[in-house]
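Generate coordinates for the entire structure from the input sequences, incorporating the hints supplied.
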Amino acid sequence: MGSLIPFPDLNSFPDPTTTTTTATDAAAAAPTTLIPKLEPKLEPFDDPHPGFTQPLNSIPNPNPNHSPQTQLDETNVYSEFNRISELFRTAFAKQNVDVPNPSADDVVDPNPLAIVAVPDQNNQVAVVPPKRRHQPRSSELVRVLDLGLDDQRYFRDLVRKTRMIYDSLRVFAEEKRRALGLERRTAARGDLKAATVMRDRGLWLNRDKRIVGSIPGVYVGDLFFFRMELCVVGLHGQSQAGIDYVTASHSSNGEPIATSVIVSGGYEDDEDAGDVIIYTGHGGQDKTHSRQCAHQKLEGGNLGLERSMHYGIEVRVIRGMRYAGSPSGKVYVYDGLYRIFYSWFDVGKSGFGVYKFKLVRMENQPEMGSSVLRLAKSLRTEPLSVRPVGYVSLDISMNKENVPVLLYNDIDSEHDPMYFEYIATVVFPPHVYQGGNGNGCDCISGCTDDCLCTSKNGGEFAYDQNGILIRGKPLIFECGTNCRCPPSCRNRVSQNGVRNRFEVFRSRETGWGVRSLDLIQAGSFICEYAGVVLTREQAQLFTMNGDSLVYPNRFADRWTEWGDLSQIFSDYVRPEHPSIPPLDFAMDVSRMRNVACYISHSSSPNVLVQLVLYDHNNLLFPHIMLFAMENIPPLRELSIDYGVADEWTGKLRICN
DNA sequence: GTATAGTCACTTTG
DNA sequence: CCAAAGTGACTATA
1 MGSLIPFPDL NSFPDPTTTT TTATDAAAAA PTTLIPKLEP KLEPFDDPHP
51 GFTQPLNSIP NPNPNHSPQT QLDETNVYSE FNRISELFRT AFAKQNVDVP
101 NPSADDVVDP NPLAIVAVPD QNNQVAVVPP KRRHQPRSSE LVRVLDLGLD
151 DQRYFRDLVR KTRMIYDSLR VFAEEKRRAL GLERRTAARG DLKAATVMRD
201 RGLWLNRDKR IVGSIPGVYV GDLFFFRMEL CVVGLHGQSQ AGIDYVTASH
251 SSNGEPIATS VIVSGGYEDD EDAGDVIIYT GHGGQDKTHS RQCAHQKLEG
301 GNLGLERSMH YGIEVRVIRG MRYAGSPSGK VYVYDGLYRI FYSWFDVGKS
351 GFGVYKFKLV RMENQPEMGS SVLRLAKSLR TEPLSVRPVG YVSLDISMNK
401 ENVPVLLYND IDSEHDPMYF EYIATVVFPP HVYQGGNGNG CDCISGCTDD
451 CLCTSKNGGE FAYDQNGILI RGKPLIFECG TNCRCPPSCR NRVSQNGVRN
501 RFEVFRSRET GWGVRSLDLI QAGSFICEYA GVVLTREQAQ LFTMNGDSLV
551 YPNRFADRWT EWGDLSQIFS DYVRPEHPSI PPLDFAMDVS RMRNVACYIS
601 HSSSPNVLVQ LVLYDHNNLL FPHIMLFAME NIPPLRELSI DYGVADEWTG
651 KLRICN
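For what it's worth, the working numbering labels the leading residue of the first sequence as 1, then goes sequentially.
Please note: incorrect hints may appear among the correct ones.
[Said to hold, decoys possible] Only pairs whose alpha carbons sit at most 30 Å apart, straight line, appear in this in silico DSBU-like list of lysine-lysine: (1) 377 x 400; (2) 176 x 330; (3) 161 x 330; (4) 377 x 161; (5) 287 x 330; (6) 330 x 349; (7) 287 x 358; (8) 161 x 209; (9) 358 x 330; (10) 330 x 377; (11) 377 x 358; (12) 176 x 161; (13) 287 x 349; (14) 330 x 209; (15) 358 x 209.
No lab work stands behind these hints: they were computed from the structure.
Here it is, written out as structure tokens:
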């Protein structure tokens with residue numbers, strides 16, 4: 001127990017279909033092998049069972065070639081409006097100028113880093129994007145059933161890894177554009193860039209099957225910030241349209257089948273009551289003002305929804321909500337599966353005909369992500385009126401953190417987290433500080449690309465403009481006491497402390513756990529893992545007394561996964577700077593600790609460990625900093641890969 | 001300064 | 001091959 005044993009390498013994601021895969025093989029494998037064959041767990045749709053709930057007589061016009069306008073008495077009244085709007089749209093379409101596409105002879109760009117096309121003085125695009133490997137989506141409808149625990153973890157890791165690549169590419173594209181100093185003639189749109197690059201490299205998930213129902217590795221409540229992100233994981237395949245469906249010509253029975261919808265509030269005739277949605281079909285809108293200007297037709301996604309209702313096929317529902325903390329100002333929440341109970345043709349608020357669908361949420365699903373978001377919002381402002389019972393403390397940190405850390409227990413009478421000394425940051429032995437803090441920078445108004453502190457970090461910033469970790473490194477040097485930059489400097493993030501309202505809560509499964517009342521964006525700082533640091537010698541004395549310690553060198557090296565673009569860039573080099581020896585200290589969290597030691601263990605975690613230096617220069621004693629590996633929804637439990645078997649965690653020893 | 005409306009450049013699918 | 005789906009960044013205006 002006193003010796004420091006290395007933890008196993010958990011960083012490879014072997015393909016379960018090949019039993020002999022090694023970590024090296026997995027990394028070298030072509031991207032197309034990332035999606036394992038799903039055959040054994042799939043239910044084919046060759047034999048649909050029609051007549052699920054509703055007879056078709058509630059549909060006025062099931063013929064897709066038959067204009068619904070003839071079904072409306074009001075048609076004559078609106079025909080003149082229709083004619084005018086049609087003229088308008090034709091005129092508008094002609095204004096669009098054709099942009100020449102790269103010719104089919106263009107070779108793959110030898111420099112894949114040049115993902116941002118740069119127009120030169122003559123406004124010619126100097127860099128040709130890589131040639132497209134266009135792989136159209138399959139039309140084979142399947143359900144994924146009865147995933148075992150191993151498969152669930154595998155797919156979760158796959159989805160997480162894919163989203164990490166998407167996010168770092170997105171940030172990368174925007175950072176690169178900024179670094180190039182391009183005129184702001186066009187919007188940055190790293191969201192689109194990232195998706196295109198990944199598509200060209202075959203990294204989009206679930207394109208070989210059209211999945212009905214849940215997507216493996218995507219949980220109810222999962223959060224996304226961009227429409228393209230939904231396409232990349234295969235949750236919703238339309239970059240703009242709100243209804244995703246298999247077309248009639250590709251469907252086995254010649255009928256279109258809808259599989260997912262997005263409720264974004266873009267249609268005035270939508271009514272969203274959570275479990276029940278009156279969803280308006282698409283179409284009939286004015287392009288510039290998004291107002292209804294024509295009757296909708298029973299075709300495309302609208303017909304797909306009607307057919308899905310007919311066959312009792314459930315649809316995934318994703319809600320788009322305004323959210324100020326999101327990079328796009330919006331957040332897309334996966335809210336689970338719904339069934340379509342009715343559909344009918346109605347006159348909408350603007351007086352034009354619209355198709356409406358009554359969607360009802362299926363039973364036995366986790367709570368809706370969108371209602372959890374709302375609950376968390378009210379908990380942030382008035383916790384005691386939302387949850388009158390259960391809050392033991394409204395701040396166990398006693399003002400030592402920037403934001404309060406709550407303590408919640410509605411299960412038993414344990415109040416243990418009240419009875420220790422809360423420390424917001426780690427306590428090092430005094431000798432750690434003897435070497436001072438090294439040289440500092442002179443960047444009075446904040447660090448720049450070529451400053452001393454950037455070069456300490458291998459010539460690149462560890463964080464983006466918003467304090468998001470760009471990629472994991474063996475060690476990050478933040479600006480310190482000898483730097484002249486302000487606290488708001490881009491290179492000071494983890495030292496500025498906690499920004500989310502955390503809650504230590506009692507759990508039947510894990511004893512204590514930690515969750516946040518705020519949405520935590522992937523890559524953002526969570527908190528430090530704080531305790532009293534003991535040297536190896538001190539630790540040996542300590543454990544002879546039978547007390548237990550936390551050994552930080554056992555935490556899995558999850559930072560290597562964050563920002564790893566080796567699947568994108570053939571010349572990608574993993575960060576190896578600086579080279580540091582394995583951590584050789586232990587941490588005593590028995591008397592002084594912070595919120596971190598209540599975080600549970602998971603082999604498929606949502607929090608990673610990143611080592612950081614800022615207040616001294618001793619490479620042997622870095623701060624253990626925690627960052628989000630995913631967009632973590634409010635009230636979802638945080639978890640770290642402690643790197644060893646489940647029964648061992650510092651947390652469990654101390655806090656049960 | 002802060003909401004809101006308008007404009008522009010996008011990409012994928014069917 | 002093109003029409004249709006709407007977003008997200010940015011800019012102008014109230």
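So, going through the hints one by one against the coordinates:
no. : hint      : in the structure
1   : 377 x 400 : holds, 23 Å
2   : 176 x 330 : holds, 24 Å
3   : 161 x 330 : holds, 22 Å
4   : 377 x 161 : holds, 29 Å
5   : 287 x 330 : holds, 21 Å
6   : 330 x 349 : holds, 26 Å
7   : 287 x 358 : holds, 26 Å
8   : 161 x 209 : holds, 20 Å
9   : 358 x 330 : holds, 25 Å
10  : 330 x 377 : holds, 15 Å
11  : 377 x 358 : holds, 28 Å
12  : 176 x 161 : holds, 22 Å
13  : 287 x 349 : holds, 18 Å
14  : 330 x 209 : holds, 29 Å
15  : 358 x 209 : holds, 27 Å
Every hint from the earlier list agrees with this structure, and none is contradicted.
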